[in-house]
Structure formats: C-alpha cells, structure tokens
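Q: Listed here are the chains, written in short residue letters.
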Amino acid sequence: MTTGRHVDEDDLTLLHYAELGDGEARAARAHLAGCAECRTRQEALARILAMVDDSDTPEPDPRFESQVWRRLQPALRAASAERRAQPTGVAARVRGWFQIPAPGRLAWAGGVAAIALAAFVAGRFWPAAPAGPGAPQVQAARQTDEAIRERVLLSALGDHFDRTEAMLVELTGTEPDARVSIAGEQQRAADLLAATRLYRRAAVEAGDAGVADVLDVLQRVLVEVTGSPSELSAYELQALQNRIRSQELLFKLRIASSAVRNRETRTRPAGHDGRTGA
Amino acid sequence: MPDSDALAISRVRAGDDDAFRELVERHSRAVFRVAYRITGRVEDAEDVVQETFLKAYRQLDRFEARANLRTWLHRIATNCAVDLLRARPKREIAEEPDTLERAAGAAGVAEGGLPAPERSLLGVQITERLGRAMTLLTEMERATFTLRHFEGLSIDEIAGMLGLKTGATKHSIFRAVRKVRRELQPFIEV
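Protein chains in written order, with our numbering: chain A, 1 to 278; chain B, 1001 to 1190.
Looking at chain A on its own, in the form it has when it is part of the complex (with noise of 0.2 angstroms):
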C-alpha cells in the first residue's frame, strides 16, 4: 500500500544529496517503501549518480606542487611588493591601470587573467619604475595611465613573443645527431607555457581572435615539448621538428610580434622611440 502522492525526480535528487526537509524526507520514505514505481526511479537514480562518483580526476605529476610553486613565484613576487608598496606608490599605480579598462582600449585588463596578468607585468617592470609619488616621472605616467598600460602590455606580449621564438628556433635548429637532451628547452618552454595560457585567457576574453589563434597554436607546442621525453633520438627530434614547422608557428610568431610591436609604437607619445623598461 502507497503513501501519498508520487516522489518527483527532483526530490528524489534532495532526498539522495539530504538536502529535502526532515518532514518532506519522512514522507518521500513513507510512499518509496509502499510504492515500487517510485522505489525503482529512485534505484536508477542512485545508480546513476554512483557512475558519475566513480568517475575520477586525473591525478597531477608527483611533482605538480613544486610545479605550482615555481610558476606562482613570479607572480607572486611582483603582488608581494604590492603588499609592502606604500598606497601612493608604484604598485598601487601599476595594479590602477588594470583596475580600471579604458573603453574602446586594448581590454586586456578584465577579468581573472588580469590579476595574474598584472603581477606578471608589474614584477617585470618593477625594477624600471619611479621611486616615489613626487618624482616627475610619475606625474608625467598620471597623465598617460591609459597609454602606459596599453603600450606595457603590449611590451610583454612582445617580448613573450621574441622569447618563443628564440627558444623554438634553437629547438627546431638542433641537429637530430644520435641522442640529444632538450631538458632545457623544455625547462624554457615551461615557463613560457604558464605565461602563454595567461596571455591567451586575456586575448580571448578581450575579444582579440588573431591573437589568440596564434597563442592556442603556440600553447599546443609548448605542451608537446613539455610532455616529451626529455632526451629524444633523432627520428624523435625530427618529428617534433617536423611538427612544429608544419604548423608554420616561427612564421605566425614573427607576425604576431611585429604587429604587437606596431600596435606598442602607436600608443607611444610623439617623441618617445624607446622601449618601455623591460
């Protein structure tokens, strides 16, 4: 004999997870235990969502958490300075030109990837900047914060783009000689893999699809030279040589750069050639 109406699916999900009321749960076990309808969705239910529970996560490399370390201490070097800056200092100046998009601008500063974009370029330019709130260079940066920004970021994309390349081009020139070590072009090309995911993240969400391609082409490689073996033989080398020219990457990064350093010189003021202190 059944009690009450019929338990629907989705107090039955309540009632898997215990998240229905204690009365609403007395019921629904009142009317499961006379009703073999319900009883039954109730079974698949569960069966169900064991199959999902079973499911697992992959399991990260053993070293993963001196990975994460080593990746962060850029970043966090850079954030660490910010904590200590006074408020009026170059941190907090630096941390403002992400904090507030200039519209209609390169909008590289949204969203999560400009957090950690940030630190990446303030820990990068930190050593060039002006002391304190009274210095001229400072009042002169005021006036310019959305040109500076603009032109610092796109400084880093730039010479993000020139470190790749150089570190692809003695990859790819490597003669494939019996064995030969890249452990440290992989070590090279690890770094750049984090930095390359935070600048493809900020492309993608700023809307710049050109930029963006090329660095979804170039995050690719660079997970294939960080997941080979770190000594390969030289059929090996070939094919990941090979690889890496078919996708015409030295040629898009040429490219990428030369437009990403044509965009940096028109936010320049007239009269300034030099590079931003990188």
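Hint data in this document are derived by calculation from the structure and do not stem from the laboratory. Mixed in with the good hints, there may be bad ones.
Okay, the calculated beta carbon distance ranges per label pair [unchecked claim]: (1) B/Q1125 with A/A234: 37 to 43 angstroms; (2) B/L1007 with A/Y17: 30 to 36 angstroms; (3) A/D216 with B/R1011: 38 to 44 angstroms; (4) B/A1019 with A/A36: 54 to 60 angstroms; (5) A/A33 with B/R1011: 53 to 59 angstroms; (6) A/E9 with B/R1011: 47 to 53 angstroms; (7) A/Q247 with B/R1132: 25 to 31 angstroms; (8) A/I255 with B/L1007: 47 to 53 angstroms; (9) B/G1160 with A/E9: 24 to 30 angstroms; (10) A/Q247 with B/R1062: 39 to 45 angstroms; (11) A/Y235 with B/A1168: 55 to 61 angstroms; (12) A/A36 with B/G1167: 28 to 34 angstroms; (13) A/A50 with B/G1160: 24 to 30 angstroms.
Backbone N, C-alpha and C define an ideal beta-carbon position, used for all residues, glycine too.
For chain A, the structure is supplied; the task is to place chain B on it using the hints.
A: Relative to the frame of chain A, chain B by itself:
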C-alpha cells in the same frame, strides 16, 4: 582550520613568503581536483590553480582566521573556474575536452557479469556519454553539480559561495542531474 594552516597564514602576514609555499603544497592538489571537475581540462585546471593561489595571496589580509582555509581556497577556485568557462568560446565548449574521459572506472555499475571485452567496451561508451553529459551542462550547472556531488557542500553553502539564491542553486543542480541522467539512462537498462 588546522593549526598548521593558521600558523602559516600568520607567518605570511608577517612577511614570510616562504610560509605560503607550505599552503600551496598542502592544498594545491585538492584545488586542482575542484578546478578539473568544473573546467574538464587539465590545462585549464592548472591555470585555475595558479590563479587561485595568486588571488589567495593577494587577499590573505581579508581572510578571517576563524574560517576554513580549504573552503576559502575552493571558493576562489570555483569562481575562477566559472569565470574561465564563461570566457571560453562556445565552440570550445561544444568540442569539449578530456572531461571525465579518463573515468574508465565509471563502468562499474551496469557492467556486472559481462565478459572482459564487452565490459571494456561498455566502460568506454559510458565514459563517452558521461563526457558528453558534462559538456551539456552550463558553467553554472557544472559548478553547482560539482560542488554538491563531489565536494559535498550543502545547497545553502553553494548558493553563498557562488552568490546565487538558494532556489536558483537547487534548480541548477536539478537541471544538471536531469542532463546526466538522460545521457546515462541507457546504461542502467543494460
């Protein structure tokens, strides 16, 4: 919160950045798991881990000593992961990823008694369906379902964490469960 977390936090606040390394080493793997279940991609989960700890470091002064560091980190990770999913182009979401594709163990429920080759094939099919089901979830459904199902948080806690109303959170979980059920239903009829 474990004393060791509290001690490390106070050391970081006092300027000892090395103490932050202890927190990274203690919690990064669990943060990765949350991030992976929401994003469905190893590389995205790794990014979320980086962002989570960077944000945590920057906001450590706002962290209340009585709160649970693990919960706080998971909240940051969840928000980062949801932001990431929102920013991901739709075509990427549609193609989807290695989500749960590694979940070969998921075959365990319906497969009992089948010979090994059939069991293996069924496991692959279930894994594929499960992966597909997860791609059908919106970012919010994925986040709420992950937090309820895998993390064991209550609906009220999830609502607070994601800034949603309790009713909206509940319905988001209902929708997620329905989508998963629809995909996996054939396998419990085997």
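Q: Evaluate each hint against the coordinates.
A: Structure-based check of all given hints:
no., hint, verdict
1, B/Q1125 with A/A234: 37 to 43 angstroms, "holds, 41 angstroms"
2, B/L1007 with A/Y17: 30 to 36 angstroms, "holds, 35 angstroms"
3, A/D216 with B/R1011: 38 to 44 angstroms, "holds, 40 angstroms"
4, B/A1019 with A/A36: 54 to 60 angstroms, "holds, 59 angstroms"
5, A/A33 with B/R1011: 53 to 59 angstroms, "holds, 56 angstroms"
6, A/E9 with B/R1011: 47 to 53 angstroms, "holds, 50 angstroms"
7, A/Q247 with B/R1132: 25 to 31 angstroms, "holds, 29 angstroms"
8, A/I255 with B/L1007: 47 to 53 angstroms, "holds, 52 angstroms"
9, B/G1160 with A/E9: 24 to 30 angstroms, "holds, 25 angstroms"
10, A/Q247 with B/R1062: 39 to 45 angstroms, "holds, 44 angstroms"
11, A/Y235 with B/A1168: 55 to 61 angstroms, "holds, 56 angstroms"
12, A/A36 with B/G1167: 28 to 34 angstroms, "holds, 31 angstroms"
13, A/A50 with B/G1160: 24 to 30 angstroms, "holds, 28 angstroms"
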